[in-house]
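Protein chains in written order, with my numbering: chain A, 1 to 195; chain B, 1 to 268.
The set of hints was computed from the structure by calculation and includes no laboratory data. Take the hints with a grain of salt, since some may be wrong.
Quick list of simulated restraints, FRET-style, between CB atoms [stated by the list, open to error]:
id, chain 1, residue 1, chain 2, residue 2, range
1, B, A75, A, G142, 24 to 34 Å
2, B, G78, A, R181, 42 to 52 Å
3, A, V29, B, P57, 36 to 46 Å
4, B, E5, A, V29, 45 to 55 Å
5, A, L66, B, L26, 34 to 44 Å
6, B, A75, A, Q53, 41 to 51 Å
7, A, R181, B, A25, 10 to 20 Å
8, B, S21, A, R181, 12 to 22 Å
9, A, Q53, B, L70, 32 to 42 Å
10, A, R74, B, V100, 27 to 37 Å
From the three backbone atoms N, C-alpha and C, an ideal C-beta is built for every residue, glycine too.
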Amino acid sequence: MFLAVFSPKGNDEVSLDATLMQQLLRRDVSAFEELYERHSRIVYSLVLRILRQGSTAEEVVQDVFLQLWRNSSRYDISRPFVPWLLTLARNRALDHLRLKSERQRRREEQTEEFPQIASAAPEYEKALDEKRRAERVRALIGSLPSAQKKAIELAYFEGLSHSEIAAALNEPLGTVKSWIRNGLMRLKESLQATS
Amino acid sequence: MNTHEEFRELLEAYALGSLDSADRALLEAHLASGCAECAKALEEARWLVSQLAYLAPNAEPSDILKGRLLQTVRAEAGGDSPQQQAFHTTAVPWWLWAGVAALLLFSGYSAWNEQRLRRTVANLQQHAETQRAERKRLEGELSAAIAQAHEAMIWSDPKSKKIMLPPKDPKMPQLEAMWHPEMGLVVRGWKVPNPGGNRVLQLWLIPRAGGKPMPSMTFWPDANGKFSAMVENPPDTMSDTQALAITEEPVGGSPQPTSAPMWVGGVS
Chain A
1 MFLAVFSPKG NDEVSLDATL MQQLLRRDVS AFEELYERHS RIVYSLVLRI LRQGSTAEEV
61 VQDVFLQLWR NSSRYDISRP FVPWLLTLAR NRALDHLRLK SERQRRREEQ TEEFPQIASA
121 APEYEKALDE KRRAERVRAL IGSLPSAQKK AIELAYFEGL SHSEIAAALN EPLGTVKSWI
181 RNGLMRLKES LQATS
Chain B
1 MNTHEEFREL LEAYALGSLD SADRALLEAH LASGCAECAK ALEEARWLVS QLAYLAPNAE
61 PSDILKGRLL QTVRAEAGGD SPQQQAFHTT AVPWWLWAGV AALLLFSGYS AWNEQRLRRT
121 VANLQQHAET QRAERKRLEG ELSAAIAQAH EAMIWSDPKS KKIMLPPKDP KMPQLEAMWH
181 PEMGLVVRGW KVPNPGGNRV LQLWLIPRAG GKPMPSMTFW PDANGKFSAM VENPPDTMSD
241 TQALAITEEP VGGSPQPTSA PMWVGGVS
């Protein structure tokens, strides 16, 4: 069961990540090991989904965690840790996927070495722990029409632009734009719902 | 022209990285204009997009990866990685900084003190040089005074014998000498022309036994033609000397006369 790999992470868990990152500043190897234990599976799952090759995915995951270790001082502990880590991992994996492509150039323009992420999580983030949020994401996206779901996956996991997705799916550009925006809006509403 | 609402609709796609270049440029220009509402909405959109990671099928990295990572991290934590060196650099204790500051102050003081001492030594050396020159001048004056006194004693002592040295050339002045048996011999003259060139006047003692002339001192008249030359230890005794003679010789004198005597005076 996919979701079984995620242990529940509430607000206490979030603050634990911040504490571990602070310990990382003091070169605490045990804090690094705990961060790896807590998040390596979702990071590896994401990177492997993008790259589809285990050995390359492990190289990227290693790169991401070493960056975490070596540049921990550049992480703002007031920001939500997991979204930041996942954004970092996605950017690294997409860079490997299409080196020096138009998509990479676009990402480089949008992201720095350490990715920009919300300086504070939305209020509704606290309503769900990580396990329940993951369930909501899978359930909501899984409920979308397959073409719409495919459009979102091409954008997120393969880094394609609206035009590229339209060409890949042989759909009008405006339709693709609407699919992606509407899908994300529905995801937001789903995560905001407390029940 | 895009409206604010139209920009809001682009934010999720922008966070996803799927906007085409034209839309992206328009939105970035809008964000750069300082729209706080869109900036805040973009942060939320980035957070929302990050949640799509949970769509990835579950997978677990190998234990080898964990072992490799921990090995690297432990080596860097206990080794000399650049990051750690920087960390250690920033963790220098205050007392070490104080020591460094004290050392710098001491070095600065030492350099200043060395300069000061160098200046003092230079002043002392200059002063000593001045003193040496002054002493030399005084010694010269003293020697001249002693010589003058010595000559005066020779000229005034009744034991001295006066010797007249008439010139061979009638246009030349007459010279005179005074010979004291213990104090020596003095020769002097006035209005004597300078020999010129590299030549000097040299005194000779003509032995009574008819031997070769015995060379004595050399001298020059001053700009006024005056001279006073003293021989403290003449090469022969007065009783053994028949006459005094003066010739012109090359500078440094000659072991025997190289020119005819210009002045000759009998000692008898």
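Check: Which hint numbers does the structure go against, in order from smallest to largest?
Finding: Those not satisfied are hints 1, 3, 6, 9.
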